Amino acid sequence: MLSVNGALSWLHFHDLTTRFETQRAETRKRLVLQAFALRDDFGQRLQGLAGVLAALDSVGVSRFQTPSGNELLRNHLDSYWAALQLGLGIDSLQVYAKTGLPLATWPSNVLADPDHDAEVRAVIKSEQAMHWTRCRQVCTEFAAAPILSAGRVAGAVVLGSSPAEVVNSFPSVSGGADLGVLIPTSPAAGLAVDEAFLPQVGLRVIELSSKGKYRELLHQLRSIPPILHTRGHAYLSLPYDDKQFELSFLALDAPRGEQLPAMMVVIDDLTDALADIRQSVLSRLQGELLASLLSLLLLALLVHAPLQRMTRAVLAIPLLGRRAFAEARARIAPRARRLLDDEIDSLDEAAIALSYRLETLEKEVAAHSAATQRMLQRISV
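By my numbering, the letter at position 11 of the sequence shown is numbered 11, and the numbering carries on one by one without gaps.
Think of the hints as simulated: they come from the structure by calculation, not from any bench.
Label-pair distances were calculated between CB atoms; the ranges are:
{"no.": "1", "residue 1": "Arg19", "residue 2": "Asp241", "range": "25 to 33 Å"}
{"no.": "2", "residue 1": "His219", "residue 2": "Gly100", "range": "41 to 49 Å"}
{"no.": "3", "residue 1": "His219", "residue 2": "Leu299", "range": "56 to 64 Å"}
{"no.": "4", "residue 1": "Arg231", "residue 2": "Arg152", "range": "29 to 37 Å"}
{"no.": "5", "residue 1": "Pro306", "residue 2": "Glu359", "range": "23 to 31 Å"}
BS3-like mimics (lysine-lysine), calculated; alpha carbons at most 27 Å apart, straight line:
{"no.": "6", "residue 1": "Lys243", "residue 2": "Lys29"}
{"no.": "7", "residue 1": "Lys213", "residue 2": "Lys243"}
{"no.": "8", "residue 1": "Lys211", "residue 2": "Lys243"}
{"no.": "9", "residue 1": "Lys211", "residue 2": "Lys29"}
{"no.": "10", "residue 1": "Lys98", "residue 2": "Lys125"}
{"no.": "11", "residue 1": "Lys29", "residue 2": "Lys213"}
In this text the structure is predicted, and so the values were computed from the model without any measurement.
All C-beta atoms, glycine included, are put in the ideal place defined by N, C-alpha and C.
Required output: the full structure, derived from the provided sequences and hints.
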């Protein structure tokens with residue numbers, strides 16, 4: 001019975017684990033889609049803002065490529081820059097000519113990033129806005145929109161903003177999971193390695209929605225599973241501080257050389273879910289053990305009286321061999337009140353009948369022996 005209960009508990013645990021893995025796969029897919037959707041939504045809004053600025057700059061944009069026109073362009077956009085920077089969180093703004101050369105940059109002390117050349121030329125050529133993520137020392141979401149003048153492309157506007165909004169809003173969207181941003185980093189010679197650097201995997205934590213709560217968890221990483229394509233993801237389970245976490249890694253940017261790509265990491269705490277499974281199995285096992293003990297106790301109560309009667313009958317059989325027939329019948333003592341006869345009652349009756357039969361035979365044999373003895377005595381005389 002105990003082995004059957006153990007097998008049933010194991011099957012229950014296996015069923016819960018299988019369902020948990022199925023639900024985890026669905027939850028993991030949902031979290032990945034939510035992270036990418038937040039990033040894409042942020043990029044689309046940035047892309048729309050770039051389109052608005054491009055429409056504002058389309059008047060006489062061809063004149064902006066002259067020294068006087070460049071100054072006019074700066075004066076034209078300087079009035080927007082404070083609102084863009086403080087109100088909308090824009091970190092950079094560049095205006096490009098049709099040839100792909102930068103005309104103006106905000107902040108003015110920052111040079112235009114040459115890494116944008118391919119995207120800017122693609123926007124000018126296709127006449128369509130686009131957004132992308134670029135991670136170097138930090139991660140920035142960029143959006144570019146073409147400047148159209150008289151139905152033709154005259155240049156492009158590029159906006160850049162930190163994806164901190166994506167990271168900070170993810171827990172409320174996902175239902176409690178955290179989001180971080182990791183960038184590939186090599187430890188610089190002579191510089192102190194801070195707690196944001198993960199030396200085992202060569203990554204640095206630059207954003208974390210939990211305000212550093214899981215930074216020590218990320219330090220437990222020893223390797224990152226490969227991410228096979230740009231919008232792909234990989235995951236692993238990681239125990240830490242008596243808890244179990246699942247980490248999903250989402251590629252943000254194309255890898256450079258042999259380095260890992262910049263990536264987002266979704267951190268989901270599985271401790272409560274796994275504890276619920278263990279508690280469910282433990283509760284079921286305890287219930288089955290209690291039911292087994294009660295069943296055994298009830299069975300013992302049910303068979304106690306029949307076993308006593310059978311024991312008395314078995315112990316009375318040797319008395320028949322010793323010709324203690326009366327004592328044997330007293331030992332057996334059949335039940336006086338019966339609702340139903342059972343096999344033990346039949347055995348008792350058979351044993352008592354046998355005792356009477358043996359006693360009768362004993363008396364007959366004794367009488368026959370006495371008669372034979374008297375006859376032999378008469379013959380001998």
